[in-house]
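Asker: Protein chains in written order, with numbering that gives the first Met the number 0: chain P, 0 to 81; chain F, 0 to 479; chain A, 0 to 237; chain W, 0 to 107.
Any given hint might turn out to be false.
[As the list claims (entries may be wrong)] To give a feel for the contact side, a few chain P residues facing chain W, derived at Cβ under 8 Å:
1. Met0
2. Ala14
3. Ser17
The set of hints was computed from the structure by calculation and includes no laboratory data. Where a beta carbon is used, it is the ideal one built from N, C-alpha and C, also for glycine.
Chain by chain, the residues:
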Amino acid sequence: MTLDLLLVAALLWTAVQSLATPNLFRGVVLFIVFGLFMALVWVRLHAADIALAEAAIGAGLTGALLLNGVGHLRAKQQSTLP
Amino acid sequence: MRDPAPWLILFPLIWASLAFLRGQGRGGRLAVAGLTIQLVLAALLAEQIASDGARSYTVGGWGAPLGIDLYADGLAGVLLLLTQIVALPLVVYARAYFAIHPDGISYFWPLTGYLLAAMNALFLSADIFNIYVTLELLGLTAVGLVAAGGGAGPVGAALRYLLVTLLGSGAFLLGVALVYGTYGSMSLQVLTPLINADAPAAVFIAAGLMLVGLLLKTALFPFHFWLPPAHGGAPAPVSALLSALVVKASFYLILRLWLHAFAPLVTTVAAQLLGFLGMAAILWGSVMAIRQTRLKMLIAYSTVAQVGYLFLLFPLITDTNPAAAASALQGGVMQLVAHALAKAAMFAAAGTIILSIGRDDITRLGGVSTRLPLTLFTFALAGLTLAGLPPSGGFIAKWLLITGASGSDQWGWVVVMISGGLLSAAYVCRVLRQAFLSIEAGTKFSPVSRVLEWSAFLLASMSLLLGLRSTEVLGLLESE
Amino acid sequence: MKGVLDLLVIVLCLVLGAALWWAMLDLPSSRIHLAEQVAAKLDASGVTHPVTAVLLNFRGYDTLIEVMVLFVALIGMLTQAEKGSQWLSAGYRPPPLPAPPFHLEVLQWLARVLVPLMILTAGYLLWAGAHRAGGAFQAAALLAGAGVLLNLAGLLPAWTTFRAGMRAGSITGLLFFVLAAAATAAAPHGHLLQYPAGWAGMLILLIETGLTLSLGLILAGFFLLLSAEASDGSDTEE
Amino acid sequence: MTSALIYALTGAALFLIGVAGLILQPHLLRKIIGFNIMASGIFLVLVGLGQREGSVDPVSQAMVLTGIVVSVAATALALALARRLLDLTGKMRLPGSGEGMPGKKPDA
Chain P
0 MTLDLLLVAA
10 LLWTAVQSLA
20 TPNLFRGVVL
30 FIVFGLFMAL
40 VWVRLHAADI
50 ALAEAAIGAG
60 LTGALLLNGV
70 GHLRAKQQST
80 LP
Chain F
0 MRDPAPWLIL
10 FPLIWASLAF
20 LRGQGRGGRL
30 AVAGLTIQLV
40 LAALLAEQIA
50 SDGARSYTVG
60 GWGAPLGIDL
70 YADGLAGVLL
80 LLTQIVALPL
90 VVYARAYFAI
100 HPDGISYFWP
110 LTGYLLAAMN
120 ALFLSADIFN
130 IYVTLELLGL
140 TAVGLVAAGG
150 GAGPVGAALR
160 YLLVTLLGSG
170 AFLLGVALVY
180 GTYGSMSLQV
190 LTPLINADAP
200 AAVFIAAGLM
210 LVGLLLKTAL
220 FPFHFWLPPA
230 HGGAPAPVSA
240 LLSALVVKAS
250 FYLILRLWLH
260 AFAPLVTTVA
270 AQLLGFLGMA
280 AILWGSVMAI
290 RQTRLKMLIA
300 YSTVAQVGYL
310 FLLFPLITDT
320 NPAAAASALQ
330 GGVMQLVAHA
340 LAKAAMFAAA
350 GTIILSIGRD
360 DITRLGGVST
370 RLPLTLFTFA
380 LAGLTLAGLP
390 PSGGFIAKWL
400 LITGASGSDQ
410 WGWVVVMISG
420 GLLSAAYVCR
430 VLRQAFLSIE
440 AGTKFSPVSR
450 VLEWSAFLLA
460 SMSLLLGLRS
470 TEVLGLLESE
Chain A
0 MKGVLDLLVI
10 VLCLVLGAAL
20 WWAMLDLPSS
30 RIHLAEQVAA
40 KLDASGVTHP
50 VTAVLLNFRG
60 YDTLIEVMVL
70 FVALIGMLTQ
80 AEKGSQWLSA
90 GYRPPPLPAP
100 PFHLEVLQWL
110 ARVLVPLMIL
120 TAGYLLWAGA
130 HRAGGAFQAA
140 ALLAGAGVLL
150 NLAGLLPAWT
160 TFRAGMRAGS
170 ITGLLFFVLA
180 AAATAAAPHG
190 HLLQYPAGWA
200 GMLILLIETG
210 LTLSLGLILA
220 GFFLLLSAEA
230 SDGSDTEE
Chain W
0 MTSALIYALT
10 GAALFLIGVA
20 GLILQPHLLR
30 KIIGFNIMAS
40 GIFLVLVGLG
50 QREGSVDPVS
60 QAMVLTGIVV
70 SVAATALALA
80 LARRLLDLTG
90 KMRLPGSGEG
100 MPGKKPDA
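The task is simple: from the sequences and hints, build the whole structure.
Answerer: In structure tokens, the structure reads:
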């Protein structure tokens, strides 16, 4: 139960921070951390299939796609600024 | 084929996949052939429903609640038939349209196939999680079609549409999760008696979430903000498909859940609220339509207004006497059918006009009456249905709705319907008046293919003939 | 005005949250226990892992539509790709890779070791899905992950077009699933996705294999299509 | 209270955090993150309520797997559109339409 409550706190904190932190890159990284905590939660819920999918797709692939988006944004900002 | 139902889903999936294999811009002929077969299948299914009543089909042979069931009653039959009837002339139109204007075709054909598969699957589904999946397929295909228009306007509109549709299906899915958590099943057939027996608070919240999610997707005022840019900015065949059919899919779900599974939960207050939002949609959409400068935006705002009419249904069928409620329900479904046909015709006609003139501007329509008389006639016929003038299908729809309203002593809604009709007449006449002016200097009409003109005319004339053949439609609707 | 509306959204969220919590804490126990029905029918499903049985057999129809959702997202991305002037335009070629700096060399070495392992693991997950956690989606995600890793290590260029071969590869597995569904629906006395007795295990494995390859390509396509422009000189990370 | 129910309650909170982010954050990448958090919240409610009496529920787990795949598809499409918008307008924000919706107004 203690572990569950710690996980819940970690989930809520990373979720709020990934949306609210001013630095976009930090926000995406926190979202990936959120995904990894979600994978742990699925293990706690005896859902190994979802844990695997969440780690690979939710945190991994979605995270990679989002980081890519941040990369494009920065490239664009650098090319428009002198 | 004993059971047409699963084939109505499989066929479009197969031809869409083949069209994708053939590459960009290819597959128009596959689509026409596939849709012809689908039309036959839908007619077959409608006939079976009309003669033997509602049908169910167990996918996988397991049966609910373990498996998923398909279910087709009169309402589903009407919508399935309507979808194929509207889509077939539209794909013929689209082939001719993209032959002249290949920009924005890209993967139109496979996306249209998946769109139709999603719609057919949605109409047939009797499982709320399965409905969620079909909603996602429908939403993503529709967004893909809008985005294919290219340019910052359409892409921005598509992205806004995507975010709205994801928020809507998210709310719907949370509702599904709550219902599943409460009862342990997702099958509507299993859930209906359970909800009737006992509904804890979670189910009320679930119903509210699902309703709001579907309202977002149906673009009822004040959730209409995404619709005009998305429908107005897409290529004409796409606008026609979206305005005529896609918004109807989520409305169908609201109506079906309202009438059956969630019937024990509905309240007069909720029904009156939906009616008021519908009224606001009619007034706001019509006024905005009158103020537009672009023809396709005018038609898109007209969709906002016409969607409002559909929601006038709810105060008339909730806690009213059965005769009035039956008449109102018939009127609502007739309105849905008439609007689908008329709006498809109107967007198609507008697309032809814009192709010919080369720009989308209401003030530059002078000369259309002499150069494109058939297309203008199509537009006028469709306008007749939207304004609800006899003998169109729109007239029958409004007549039945007014009968329902007077039968339940709700005269306020009658005033709304009549003033809405006058407002529609106003924006249609605004276009017609411009079209009858003489050609402006600098306006050139490039020739357009006859297929474009006649396929749109076919749709418009069906919306008119619907008024004369309404008994068949209503008969199918009644079969339980 | 904007501030007031933001506040309204927040207040509505808080109210809904309170209602949800109250309703969930007040929930009676459910009447139907699908888990028991799944367990009872598991022997007839062709696999021994309940989640796979639900995904590919009891509710296989959901999965059929769901893989189409993935595919439609890919088509949506392709419609954008072909429009972009810089992004995936016909003449666009990624610039030649410069001599890799040290960290990239490490990454390349890592990729060469890891990618075969990832492919092997994907195969294992696919096969294991019949009995325990795993299956087509996880395996496909690993395949896509291998693609991402190769791209990051500079060994696999971003995709700038989607040629006929890739189109075929991305749809074949899905089309096989659809055609298998059509075959079951066309069989005498058959229903959509009702596998003939004794064939369920085999068919599910075949369908999952097809799905793994196609979904792997689609998921990799999500990343490789999106990363196209990042490689055109202006490096992104700070 | 079982731990599954605790996760369901957390899921409800995550849903609302995600929805708030999706509606209120003007930046498109944040909106997409908000959508993903919303989806994760729903999945927790689905499995948490399905397993609230302590037994493992393969049906809700399978539905969540379906949901995860659907949300990565939606995320990829949204990012592709956001990318294109960035190329066309230089911003990762939704352009304003003639009349907006409260909270969706052009705010940048």
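Asker: Against this structure, judge whether each hint is valid.
Answerer: How the hints compare with the structure:
1. Restraint check, P:Met0 versus chain W: the minimum CB separation of about 6 Å is within 8 Å; hint holds.
2. For P:Ala14, the interface hint holds, the least distance from its beta-carbon to any beta-carbon of chain W being 5 Å, beneath 8 Å.
3. Satisfaction of the interface hint for P:Ser17 is found here, the shortest Cβ-Cβ separation to chain W being roughly 6 Å, below the 8 Å cut-off.
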